[in-house]
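Engineer: Each chain, written out:
There are 2 protein chains.
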Amino acid sequence: MREQLTSIKNQHVKNWKKLATKRGREKFNAYLLDGWHLVEEALKSDIHLTELIGTAEELATHEDIVSRFDQVYEVTPMILKHVMDTVTPQGIAAVAELPDQRFNGQVDLKGAWLMLDRVQDPGNVGTMVRTADAAGFAGVIVSHKSADLFNPKVVRSMQGSQFHLKLYTGDLTKWIQDFKAQKIPVYGTQLNPKAKSFRTVNSGRNFALIMGNEGHGMAEELLAQTTANLYIPMKGEAESLNVAISAGILMFELNQQALNE
Amino acid sequence: MREQLTSIKNQHVKNWKKLATKRGREKFNAYLLDGWHLVEEALKSDIHLTELIGTAEELATHEDIVSRFDQVYEVTPMILKHVMDTVTPQGIAAVAELPDQRFNGQVDLKGAWLMLDRVQDPGNVGTMVRTADAAGFAGVIVSHKSADLFNPKVVRSMQGSQFHLKLYTGDLTKWIQDFKAQKIPVYGTQLNPKAKSFRTVNSGRNFALIMGNEGHGMAEELLAQTTANLYIPMKGEAESLNVAISAGILMFELNQQALNE
Numbered sequence: 001m002r003e004q005l006t007s008i009k010n011q012h013v014k015n016w017k018k019l020a021t022k023r024g025r026e027k028f029n030a031y032l033l034d035g036w037h038l039v040e041e042a043l044k045s046d047i048h049l050t051e052l053i054g055t056a057e058e059l060a061t062h063e064d065i066v067s068r069f070d071q072v073y074e075v076t077p078m079i080l081k082h083v084m085d086t087v088t089p090q091g092i093a094a095v096a097e098l099p100d101q102r103f104n105g106q107v108d109l110k111g112a113w114l115m116l117d118r119v120q121d122p123g124n125v126g127t128m129v130r131t132a133d134a135a136g137f138a139g140v141i142v143s144h145k146s147a148d149l150f151n152p153k154v155v156r157s158m159q160g161s162q163f164h165l166k167l168y169t170g171d172l173t174k175w176i177q178d179f180k181a182q183k184i185p186v187y188g189t190q191l192n193p194k195a196k197s198f199r200t201v202n203s204g205r206n207f208a209l210i211m212g213n214e215g216h217g218m219a220e221e222l223l224a225q226t227t228a229n230l231y232i233p234m235k236g237e238a239e240s241l242n243v244a245i246s247a248g249i250l251m252f253e254l255n256q257q258a259l260n261e
Numbered sequence: 001m002r003e004q005l006t007s008i009k010n011q012h013v014k015n016w017k018k019l020a021t022k023r024g025r026e027k028f029n030a031y032l033l034d035g036w037h038l039v040e041e042a043l044k045s046d047i048h049l050t051e052l053i054g055t056a057e058e059l060a061t062h063e064d065i066v067s068r069f070d071q072v073y074e075v076t077p078m079i080l081k082h083v084m085d086t087v088t089p090q091g092i093a094a095v096a097e098l099p100d101q102r103f104n105g106q107v108d109l110k111g112a113w114l115m116l117d118r119v120q121d122p123g124n125v126g127t128m129v130r131t132a133d134a135a136g137f138a139g140v141i142v143s144h145k146s147a148d149l150f151n152p153k154v155v156r157s158m159q160g161s162q163f164h165l166k167l168y169t170g171d172l173t174k175w176i177q178d179f180k181a182q183k184i185p186v187y188g189t190q191l192n193p194k195a196k197s198f199r200t201v202n203s204g205r206n207f208a209l210i211m212g213n214e215g216h217g218m219a220e221e222l223l224a225q226t227t228a229n230l231y232i233p234m235k236g237e238a239e240s241l242n243v244a245i246s247a248g249i250l251m252f253e254l255n256q257q258a259l260n261e
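Chain order of the listed sequences is A and B. Take 1 as the starting number for the first sequence in the UniProt record's numbering and just add one per residue. Take 1 as the starting number for the second sequence in the UniProt record's numbering and just add one per residue.
Treat the hints as calculated values from the structure; they're not laboratory data. All the given hints hold, so there is nothing to weed out.
Pairs involving identical chains hold if they fit within one copy or between any two copies, as the list cannot separate such chains.
Subject to a maximum C-alpha distance of 20 Å in a straight line, what follows is the list of computed EDC-like cross-link-like pairs (lysine to aspartate or glutamate):
hint	residue 1	residue 2
1	LYS196	GLU253
2	LYS110	GLU237
3	LYS166	GLU237
4	LYS153	GLU214
5	LYS153	ASP121
6	LYS166	GLU239
Isolated chain A, as found in the complex (with noise of 0.2 Å):
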C-alpha cells in the first residue's frame, strides 16, 4: 500500500518522530534507517522492515526496493527533516524492528566480545560497534547507562553493522560471570601503567574485552571481576587516547589470530 503524506501533523509522522527517544522506539518496538545503503544492508540480513518513507524523487530510483514493501509512504523532504535527527536526510528511510537486546540464558559466547561500561557519546558507542564488526568480533554488549545502541546517532556511525553482529543491553556483571563460568577471559581497560601491556597478552579465540566511560573509565567493582585488566603503553606527552581509538587498537591486537585465519 503506498500512501501520501504532506503534513507533519499527521500521526504516522508524529510517531516516527518518536523514534528519536528511547522511549519511543521501546514503546514502538522500532528505530530508523536513514539512506538507501542501510535499507538494502537490512533487506540482506533477517531484520524486519515494516514501512519505507521517501520523497517521490527517491522511491522512483529504487523500484525494486519500493516493491518489497507492503508499507510505502510519499512524503515531503520537509517531513524527512523533521523526522530524521540528521542535518541532511537522504530522502528515504525505513522503520525497522527493534531487535531483541536482552540476555535470554542462551547466548553462544564463542568468539570475541566487546562490552561497553556506560560509553555516553552516541558516535563513540556506534563506532566501537563498527570496528568490531571489522575486526570480527561475534558481539557488543553495552551497559545501561551506556548510549542507547538504536539511539539515531549510534546508528549512523553502525554504518550497518548492527546487522552482522550480536547486540545486547544489559548487566555487565552477570555477563562477566557468565564468561568466566566457561572459562573465557575477560579483559578490563585501565588507564594505568601498572596494568598489564596489552602486548603481553594472548588472548586466544575466546575472550571478552571492557572499555569504560570516556571521562572515568571502567567502573571499579567491574575492574574487580575480570581475568586480568590491560593497558596500552603511551609515548608522547598525550594523557590519554579516545576511547573508540584505544578500542580499535585491543581489538585489532586480541583478534588477531581469528583475523589472519
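Take the given structure of chain A and dock chain B to it, following the hints.
Structural biologist: The following block gives chain B in isolation, referenced to the frame of chain A:
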C-alpha cells in the same frame, strides 16, 4: 592590563569571533584555546599567548595564571558564548599565536610522521593528532584541503597535543620526496586487500604514514609515490574502518619499537 567588556559589539569581541574562520586566524595570526586545561598546557610549552579572556568568576579561580598575562579581558558569559564555537564554553579562553605551519627546508625528519591527505572532518583530524602524540610520533603534516589544524573543532579534539608535536600544512608530494631523499620509508594506506598487510611491515624508527580522505581514500598520485601501501586485514562484514581508528591501529603497530623503549 585588565579591561572589562560587556558588549558583543566591542571591537575585541568582533576580532575574537573572526578567529573561528581560517581567514580570521590568518589575518590575526592567532587562534583560540578554550578552558584552563589548554591554557595551562600552552603555558608549559613555548607557545606565545597574547590575551586571556574570562568571566569574573573564572578569573578569580586561577589568579596565579591570570597574573602571567599582560592583557586580561573580563567578559560576560554571553560574550564567551558568542565568541567560542562551542555549546558550553568553559568560562575561560586565551588567544594563542598561530605557529608557522610552512615547511622551511630545515625540518628534522627523524622519528615517525603522520600525513593526512584531504581529511575533511575536524574531529578526525584532531583525534589523529592526539593519537599521534600518544603513539610517540614526531609530527603531523596535513595537506591543503584537509580540515584546518587550528579550526576550533580540531583544536578541541587535539586536547593540547599541538603543544607536543610538530605540525605542518603543505604539499604532501613535496614532503614525500624529502622523506624518500633521506631513505625514510613512506607508507600509504589503501582499502584494498591486495595491498600489503600492515602486520608484515617492519617500519624501523623513522617512517611516514599517510591516511586518506574519509570517503575517497588517498589520491592515486600519492599512492604511486609511496614506498609501499598498507592495508588492515578485516574480518566480519564491515566495509571499512573510520579513518581515525585505522590511523590508531597503524600508528601503535608501526611505532611499537619506539614505544617499547
